[in-house]
Amino acid sequence: MKVIKINKENWAGGLEKSKGSYRLFGPVKNNELHEFKQLDKEELPDCDYFNTRLSPKSIIYPQSETMFEFSLDENREDHHILKEIDTDYSPRAIIGIRPCDAAAFLLVKRNFSTPEYKDSYWLNAYETTTFIGLACGNPHDTCFCTTTGCGPFNEEGLDLLLVDAGDCYFAKTITSKGENFLRAAGWDAGTDVETVCEQIKTMKQEAEAKITSFVATDKLKDKKTTDLFDAPFWEETAFACINCGACTYACPTCWCFDIQDEVSGYSGIRIRNWDSCMYPLFTLHGSGHNPRSTNMQRVRQRFMHKLKYYPDRYGEGILCVGCGRCIRLCSVNIDIRRVCDLMNSYEVQVTSD
Amino acid sequence: MGFSINNQQSTINNPKWEPKIVAFLCNWCSYGAADLAGISRLQYPPNIRVIRVPCTGRMSPKFILSAFMNGADGVWVSGCHPGDCHYLEGNYYARRKLSLFKGLMEHMGIESDRLHFSWISSAEGTKFAEMANKVTKAVRDAGPANYFAKKISILKTKVA
Amino acid sequence: MSERGAKIREISERLLKEGKIDMVIGFRKGTLPMMNEPCLVKSPEDVKNLVWDSNCGINLAKYLIGRKEKIGVVAKGCDSRNIVTHLIENKIKRDQLFIIGVPCEGMIDRRKIASMFEKEIKEVAEEKNKIIVRGSGFEKILEKSEVLQKNCAICIHRNPVIYDELAADIVKEQKNVDRYKDVRQIESMPPEEKRDYFNDLLSPCIRCYACRNACPLCYCPTCFVDESRPQWVGKGIDLTDIKTFHFLRAYHCAGRCTDCGACERACPLGIDVRAFTMKLEKDCFELYGWEAGMSKDERPPLDTYRPDDPNDFFK
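Chains as they are written, first to last, in numbering that gives the first Met the number 0: chain U, 0 to 352; chain B, 0 to 159; chain P, 0 to 314.
No lab work stands behind these hints: they were computed from the structure.
A quick note: this is a predicted structure, and the numbers were derived from the prediction, not measured.
Glycine included, every Cβ here is placed at the ideal spot set by N, Cα and C.
Hints are supplied without guarantee of correctness; some may be wrong.
[As the list claims (entries may be wrong)] Okay, derived cross-link-like pairs now, SDA-like style, lysine to any residue, Cα gap no bigger than 20 Å in a straight line:
1. B:K101 x B:R57
2. B:K150 x U:G267
3. P:K121 x U:I210
4. U:K28 x P:E119
5. P:K193 x B:A148
6. U:K222 x U:R337
7. B:K101 x P:K314
8. U:K82 x B:K150
9. P:K314 x B:S111
10. P:K118 x U:D45
11. U:K28 x P:E122
12. P:K314 x B:E88
13. U:K28 x P:S202
14. P:K67 x U:E234
15. U:K209 x P:E122
16. B:K133 x P:F313
17. B:K101 x P:W289
18. B:K101 x P:V182
19. B:K150 x U:R271
20. P:K295 x P:E164
[As the list claims (entries may be wrong)] Chain B stretches covered by chain P per the calculated footprint, using a threshold of three residues with CB under 8 Å from any CB of chain P:
21. 19-30
22. 84-97
[What the hints assert, rightly or not] Short, incomplete list of chain B residues facing chain P, as computed with Cβ under 10 Å:
23. P14
24. S65
25. F100
26. L103
27. M104
28. V134
29. D140
Chain U with its partners taken away, still in its complex shape (with noise of 0.2 Å):
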């Protein structure tokens, strides 16, 4: 492992010389809201932020992606017949994500690639992505990432992390690929590695000090799944959701997908679209029936998915990072922390008879 010290008066030159060989993302304030977008020549990115409105899984895994486009002409040879389309798969890189974010994808990473399948558009976007993380100094009330399994300084996931230290940046070398960036951008001042290691260590303490929410998550993986699936509290959870998908929208780790083809005259393409389980036509079947055809039940799922089958699906772990964003966009206030308890603590009723 390194540590580079990185003055800011280099950080913009570092920056610029960097694009270069790397297409940077940054998060860029825009209308209040930080979002990450590609940076411009000469655009910085705002590194001074508390996190994104949205997460920054669209740049690995966009909203609307394009899979493939054919031809109904059938004059022509090809007609009716599926191509690939050429994207964009040189290096990029992302400046200041944050550790949460950056952990999401890993969470993400075992649905899309598994030992049966790979999901190429995924994992090619995602393998030529150098994620350049922002340790983050001032969590907000609604982060809870330190009982995820993550954290404000968490480095799994990160290729490089950056820790703000007033006038300079401390980047910490996790990666190869992180270390590649290092060269691109011509930072190599090096520093005392065992005192700023010390120091660091003190700023993750006190970030992590910051943190006064919590998710008990420990009885998750013993309870039965019946006993949850016919938990009496759903019902009550459920009622206030409006069923849009806000939530999984914003999630960091919300994956799933709606395929589609779209036709103007000859041409059309096939493009895969975010969905969520919060809609009513994401079970819909074919035959009119539609398993989950409840309110009650789309909420029941999400939460059974991020907290129940995915833990017991992959080993370890929820299917949540602890960013907080689902709590801060609910309109109705749904709260996953509050959920999360009642699941962790909920006991079977035994009856007597």
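Position chains B and P against the provided structure of chain U, taking the given hints into account.
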């Protein structure tokens, strides 16, 4: 492949550009008027694609939006004179529905020259031809409505 | 405000104990500042959870659709007008409802307040007409009238139009309100500028449908965006599709919208989606003298007609 009117790229700089107008005509009056205009050998421009509807009361805003999305430059809806509806009151309901529709369309920035409404009875072949001329001229003057047509293109990453 | 809460709890408890209703639909305190959660209370013991303050902007009429039970529902002015609309549209029966009317003094705009502070807001309290905002190391007192939701600031029907019991005395209605200033501003733009305006307005939209789903008027079994034969609207983030969705969503509310502001409040990106519905409200008022939800004995404007309706643009 069904109804498709957008396979020809239209631009204002293209001197060959011709306006594409979708006309929704009531079966009981304006559609007959179009017939009568034809039988009477009245001339009107060929820019109009007629869609027959059972009554203007059947008009859904989706039809009109769909026409624009598929590349129409103008839309014209024509039905029976107030009081003469085959179903007694369909056109009265349509009038309210289309009034609010037109208001919202123009609010979102469509030019008033692109949306036309008329009452034409089946005996009014001459009025039909005149109206067809008027509508075509207005839409021609407004130019191609590219901004409301949906273009299929390879979707680029939209980063949120 | 807290007196209203106490009165709501008192009425609810009495009704539940007397067995006049099966449940109360109201608000409980949220887990975030400036947020309350709509909730269902079935037993008198749980009545203590019910609250009322300036963060009850969600329209509870949404939660009545198609219910079969006898329900006590907490309703401010706009909620009550949407209940009237439900009665007209047969979404619920009057004798199923016990309406606990709450004369309303407006809900506060949580986004506006949050944007006034650099730091995170930890607590928001209210006292009479003041809103007290606290965070780590700061406290500020705001005038409530300056941080109202946009629709509340121009509301002219704060008192419930239909109720069985009131939770407070009738409040004074706002007079001389210019409801359509924003609409006229857009109306005065040339077409191209209007298009730019709406393109900008909608560019952040992620099509989560929060605006549609928060709306008490949206209850079609299959929404037009989900129809597939034909498919009227594409499902991606193409701007034409997004515009079409918002256009039709608003149009479906024509003559029914009470400007409760639930759509705008629900939008996770803070898009001013009322820009569409307000135009329709203005037109309904100016063309047909109609205000939605004021009386259950009058047919809504698109369900009726007059032979002498305005006809000027029909040739």
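Now the hints, each set against the structure:
Taking the CA atoms of K101 of chain B and R57 of chain B, the gap is near 16 Å; set against the 20 Å cutoff, the hint holds. Simply put, K150 of chain B and G267 of chain U have alpha-carbon atoms about 10 Å apart, close enough for the 20 Å limit, and the pair holds. Distance hint between K121 of chain P and I210 of chain U is fulfilled; the C-alpha atoms sit about 13 Å from each other, no more than 20 Å. With a CA separation close to 17 Å, the supplied pair K28 of chain U and E119 of chain P stays within the 20 Å bound.
With a C-alpha separation of about 17 Å, the suggested pairing of K193 of chain P with A148 of chain B holds against the 20 Å cut-off. With a CA separation close to 17 Å, the supplied pair K222 of chain U and R337 of chain U stays within the 20 Å bound. For the suggested pair K101 of chain B and K314 of chain P, the alpha carbons sit about 14 Å apart, so the restraint of at most 20 Å is met. About 19 Å separates the Cα atoms of K82 of chain U and K150 of chain B, which keeps this hinted pair within 20 Å; it holds.
Between K314 of chain P and S111 of chain B, the direct Cα distance comes to roughly 13 Å. Compliance with the 20 Å bound is thereby established for this hinted pair. The straight-line distance between the Cα atoms of K118 of chain P and D45 of chain U is roughly 16 Å, inside the 20 Å bound, and the hint therefore holds. Pair hint K28 of chain U plus E122 of chain P does not hold up; C-alpha atoms about 25 Å apart against a cutoff of 20 Å. Distance restraint check for K314 of chain P and E88 of chain B: the Cα-Cα separation of roughly 18 Å lies within the 20 Å cut-off, and the hinted pair is therefore satisfied.
At roughly 15 Å between alpha-carbon atoms, K28 of chain U and S202 of chain P fall within 20 Å of each other, so this suggested pair holds. For a cut-off of 20 Å, the pair hint linking K67 of chain P to E234 of chain U stands: about 16 Å separates their Cα positions. With a C-alpha separation of about 17 Å, the suggested pairing of K209 of chain U with E122 of chain P holds against the 20 Å cut-off. In summary, the hint linking K133 of chain B to F313 of chain P is supported, as the alpha carbons are separated by about 13 Å, within the 20 Å threshold.
Annotation: proposed proximity of K101 of chain B to W289 of chain P holds, straight-line Cα distance about 18 Å (limit 20 Å). Restraint check: the Cα-Cα separation between K101 of chain B and V182 of chain P comes to about 15 Å, which is no more than 20 Å; the hinted pair holds. Restraint check for K150 of chain B and R271 of chain U: the C-alpha separation of about 17 Å stays at or below 20 Å, so the hint holds. Annotation: proposed proximity of K295 of chain P to E164 of chain P holds, straight-line Cα distance about 18 Å (limit 20 Å).
Judged by the Cβ-Cβ criterion of 8 Å, the stretch 19-30 of chain B is not covered by chain P as claimed, because only 0 of its residues qualify and three are needed. Look at the stretch 84-97 of chain B against chain P: 6 of its residues bring a Cβ nearer than 8 Å to a Cβ of that chain, three or more, so the hint holds. A distance limit of 10 Å between C-beta atoms decides the matter here; for P14 of chain B the minimum to chain P is near 23 Å, and the interface restraint is violated. Hint status for S65 of chain B relative to chain P: holds, with the closest Cβ pair at about 6 Å, below 10 Å.
Hint status for F100 of chain B relative to chain P: holds, with the closest Cβ pair at about 7 Å, below 10 Å. Annotation: L103 of chain B was flagged as interfacial toward chain P, and the flag holds, the nearest CB pair being 6 Å apart, inside 10 Å. Interface restraint check for M104 of chain B: the shortest CB-CB distance to chain P comes to about 8 Å, inside 10 Å, so the restraint holds. A least Cβ separation of about 9 Å between V134 of chain B and chain P falls short of the 10 Å threshold, and the interface hint therefore holds.
With 10 Å as the threshold, the beta carbon of D140 of chain B stays out of range of chain P, its nearest partner Cβ sitting at about 13 Å, so the hint is violated.
This entry does not satisfy hints 11, 21, 23 and 29, going by the numbered hints stated previously.
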